[in-house]
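Number of protein chains: 2
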Amino acid sequence: MSTLSVFMDVPLAHKLEGSLLKTYKQDDYPNKMFLAYRVCMTNEGHPWVSLVVQKTRLQISQDPSLNYEYLPTMGLKSFIQASLALLLGKNSQAIVENRVGGVHTVGDSGAFQLGVQFLRTWHKDARIVYIISSQKELHGLIFQDVGFTVYEYSIWDPKKLCMDPDILLNVVEIPHGCVLVMGNIIDCKLTPSGWAKLMSMIKSKQIFPFFDIPCQGLYTSDLEEDTRILQYFVSQGFEFFCSQSLSKNFGIYDEGVGILVVVAVNNQQLLCVLSQLEGLAQALWLNPPNTGARIITSILCNPALLGEWKQSLKEVVENIMLTKEKVKEKLRLLGTPGSWGHITEQSGTHGYLGLNSQQVEYLVRKKHIYIPKNGQINFSCINANNINYITEGISEAVLLTEGSEMCLPKEKKP
Amino acid sequence: MSTLSVFMDVPLAHKLEGSLLKTYKQDDYPNKMFLAYRVCMTNEGHPWVSLVVQKTRLQISQDPSLNYEYLPTMGLKSFIQASLALLLGKNSQAIVENRVGGVHTVGDSGAFQLGVQFLRTWHKDARIVYIISSQKELHGLIFQDVGFTVYEYSIWDPKKLCMDPDILLNVVEIPHGCVLVMGNIIDCKLTPSGWAKLMSMIKSKQIFPFFDIPCQGLYTSDLEEDTRILQYFVSQGFEFFCSQSLSKNFGIYDEGVGILVVVAVNNQQLLCVLSQLEGLAQALWLNPPNTGARIITSILCNPALLGEWKQSLKEVVENIMLTKEKVKEKLRLLGTPGSWGHITEQSGTHGYLGLNSQQVEYLVRKKHIYIPKNGQINFSCINANNINYITEGISEAVLLTEGSEMCLPKEKKP
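Chains as they are written, first to last, in this note's numbering: chain A, 1 to 414; chain B, 1 to 414.
It should be emphasised that the hints constitute simulated quantities derived from the structure, not laboratory data. This one's a predicted model, so the numbers in the text were calculated from it and none came from an experiment. Ideal placement from N, C-alpha and C gives every residue a C-beta, glycine not left out. Honestly, I wouldn't trust all of these hints.
Unchecked claim - Subject to a maximum C-alpha distance of 30 Å in a straight line, what follows is the list of computed DSS-like cross-link-like pairs (lysine-lysine): (1) A:Lys124 with B:Lys15; (2) B:Lys124 with A:Lys124; (3) B:Lys366 with B:Lys160; (4) A:Lys77 with B:Lys15; (5) A:Lys32 with B:Lys77; (6) A:Lys77 with B:Lys22; (7) A:Lys124 with A:Lys205; (8) A:Lys55 with B:Lys77; (9) A:Lys77 with B:Lys55; (10) B:Lys77 with A:Lys15; (11) B:Lys373 with B:Lys328; (12) A:Lys77 with B:Lys25; (13) A:Lys55 with B:Lys55; (14) A:Lys15 with B:Lys124; (15) A:Lys22 with A:Lys136; (16) A:Lys25 with B:Lys77; (17) A:Lys22 with B:Lys77.
What the hints assert, rightly or not - Quick list of the computed label-pair ranges, beta carbon to beta carbon: (18) A:Arg365 with B:Glu152: 56 to 66 Å; (19) A:Gln81 with B:Ser5: 19 to 29 Å; (20) B:Thr121 with A:Thr121: 11 to 21 Å; (21) A:Asp63 with B:Lys314: 24 to 34 Å; (22) A:Asn67 with B:Asp63: 18 to 28 Å; (23) B:Ser5 with A:Asp9: 37 to 47 Å.
Pulled out of the complex, with its shape left as it was, chain A reads as follows (with noise of 0.2 Å):
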């Protein structure tokens, strides 16, 4: 017999996990510091903004011809075309030959929630997905909550301190027609022999790719390079999806300004396949938000705004190397143990420190410096307010663990 209540039996959730921010808020230690934000950050320590987006939001709502009317489900077009054109470049083969496209959607978790609805109902064989480890967590509950299995894989190698290619080598060899989702690779060395055994292994065990781009033009400034891989493998006629944000390299990060892009062989199937997401999208959220698309495609459909966007880009991708370079130089004149030179090699916002999980927890329970186990934190987060401190730890954490086996004593938990 069921219950007189429906809500009777529904007990409390389970929070995700992801709680080093909520051990992070709870802790009192005044000079606490959380080094794993999500998002590019000032020196100031707030999330970063750049200038040409107040000005153009500034200027949108002074224009009185402007109509705030339901956009269409599949979004904001002008905002697709210039964000597509941003993403493969404007002279991609996949849109000279107009077999991309693109559902303008609620922000990258909208575009990877519209992309497993559309494998779970057209790729049915596909049951493991394969997520790069810092995007688990975002995204692997939305393919496990249809049903797939998902195993997360990470290309650093922890004892050379690089991103290794034959780890990536070695992740492709996966079940066949498994879905694999893959970061920016930028700093995987591939040889050209190395490029050409990961597409073919692809191809032939038929992986299905689902590219997350969450933030062209923060990894090395130059928007291109920044999808090189993308170029790659519409060069050599692969399908796939790609979920591209626009949130954090403009810094709006409070509209949902996501796409969902899709690249097919040909235009009648992208026609198809558009279509199907059309009709899911419209069940998930009829008409996706404009705000932060207008702003957005304002700025890329204007020469002088665009220049001001890339400056403000380059500027903060200098800011990251300086700091990068900064942390190295301390951490040696700490005569902190080990090379360091990981460090600045690895590009964008975020990057491995290269600590074992001995040193992370003496970070974080000692100096009360909240980074991940992995040891990969956001370097914007490191300001002059903060670096020494920063360091010191560091350089206290290498020493103090160094070549021991020694484990720290447990605090008791509260």
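Got chain A sorted already, so can you dock chain B onto it with the hints?
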């Protein structure tokens, strides 16, 4: 064996029904008219925007103190609080007893999507949903996608030309444990004993109510009056979901400004339900869009702006009532057979003309006036420029089809 391409076997999706707008758009007739827009239109034929919204949008974009960071998954807290108080009244028993909450969603489709995903998981017995016919096209698919059997109902009596309380009482003769999607039934004049019977049947049959309040304030311009039914259900101790949309009553169409409202029997159950909804929303879009919610919160929390908004609602509703009066009067003056009092007896933007399917077909095919098969139109689409053509068309349709069983000759479809 699986195919080499995931996309290869994907067919073109069938377009949803609701192709009235599509047919209208394809019609080359210069004086064609579409009377079924979802939103309130101005006399100039544009979607209505409350003036105070434009003012507030500009103020917000000029405020340097605001940040544009990700909203929490549950959304903008102040927006939810202000909207719940608007929906149920500040002194609502449920608010005082801390047993009402909400999740900020991407519009009302997002609210239904979230609610339906919850019901799929936690109300497994329910596999049938009854949806009021005007909302079936929009929300029925969402239920259908997760395996519900969808039935539609209408409480409009085309013979008596009114919302019939007896039909409503028959509707709740649905099977035990169903979900019942109810719109505003303000025009359905239930007697006190009718209300008592309705409540008792919903209770004894363990029907789960899912309300849809798409435009509070646009029925009678009295915000409290417009949600009287919710207050009644709250007072009777029901648990329910309600999709609250704030797009149409503010005129912010291009931002997802919806809330899935949860009313539980106590705070403990509420927290459990909200925690489960948070997990679902995380997978759907992770962070809802902010702009629309921010504008609405600014208005609802500022007495002067709130006053301006209420005044704007009043003007809109008065204008619609005036239009209805004019339509009725013109139909009388044209000597149109029949009584047209039902036009002004209905509240809100949308109302039944009281035409049969022959008459509707005549209007669409001969006069290029596009109205849905059930004859329910959006009266705000009628203005000084088109009222004569429309009323003359209606009159002609009624005169030509009156008393006859004759079918209009079918035109060949292109």
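Taking the hints in turn, this is what the structure says about them:
{"no.": "1", "hint": "A:Lys124 with B:Lys15", "verdict": "holds (23 Å)"}
{"no.": "2", "hint": "B:Lys124 with A:Lys124", "verdict": "holds (24 Å)"}
{"no.": "3", "hint": "B:Lys366 with B:Lys160", "verdict": "holds (27 Å)"}
{"no.": "4", "hint": "A:Lys77 with B:Lys15", "verdict": "holds (19 Å)"}
{"no.": "5", "hint": "A:Lys32 with B:Lys77", "verdict": "holds (26 Å)"}
{"no.": "6", "hint": "A:Lys77 with B:Lys22", "verdict": "holds (18 Å)"}
{"no.": "7", "hint": "A:Lys124 with A:Lys205", "verdict": "holds (16 Å)"}
{"no.": "8", "hint": "A:Lys55 with B:Lys77", "verdict": "holds (27 Å)"}
{"no.": "9", "hint": "A:Lys77 with B:Lys55", "verdict": "holds (27 Å)"}
{"no.": "10", "hint": "B:Lys77 with A:Lys15", "verdict": "holds (19 Å)"}
{"no.": "11", "hint": "B:Lys373 with B:Lys328", "verdict": "holds (20 Å)"}
{"no.": "12", "hint": "A:Lys77 with B:Lys25", "verdict": "holds (18 Å)"}
{"no.": "13", "hint": "A:Lys55 with B:Lys55", "verdict": "holds (18 Å)"}
{"no.": "14", "hint": "A:Lys15 with B:Lys124", "verdict": "holds (23 Å)"}
{"no.": "15", "hint": "A:Lys22 with A:Lys136", "verdict": "holds (18 Å)"}
{"no.": "16", "hint": "A:Lys25 with B:Lys77", "verdict": "holds (18 Å)"}
{"no.": "17", "hint": "A:Lys22 with B:Lys77", "verdict": "holds (18 Å)"}
{"no.": "18", "hint": "A:Arg365 with B:Glu152: 56 to 66 Å", "verdict": "holds (59 Å)"}
{"no.": "19", "hint": "A:Gln81 with B:Ser5: 19 to 29 Å", "verdict": "holds (25 Å)"}
{"no.": "20", "hint": "B:Thr121 with A:Thr121: 11 to 21 Å", "verdict": "holds (20 Å)"}
{"no.": "21", "hint": "A:Asp63 with B:Lys314: 24 to 34 Å", "verdict": "holds (28 Å)"}
{"no.": "22", "hint": "A:Asn67 with B:Asp63: 18 to 28 Å", "verdict": "holds (23 Å)"}
{"no.": "23", "hint": "B:Ser5 with A:Asp9: 37 to 47 Å", "verdict": "holds (45 Å)"}
The structure is consistent with each of the numbered hints, conforming to all of them.
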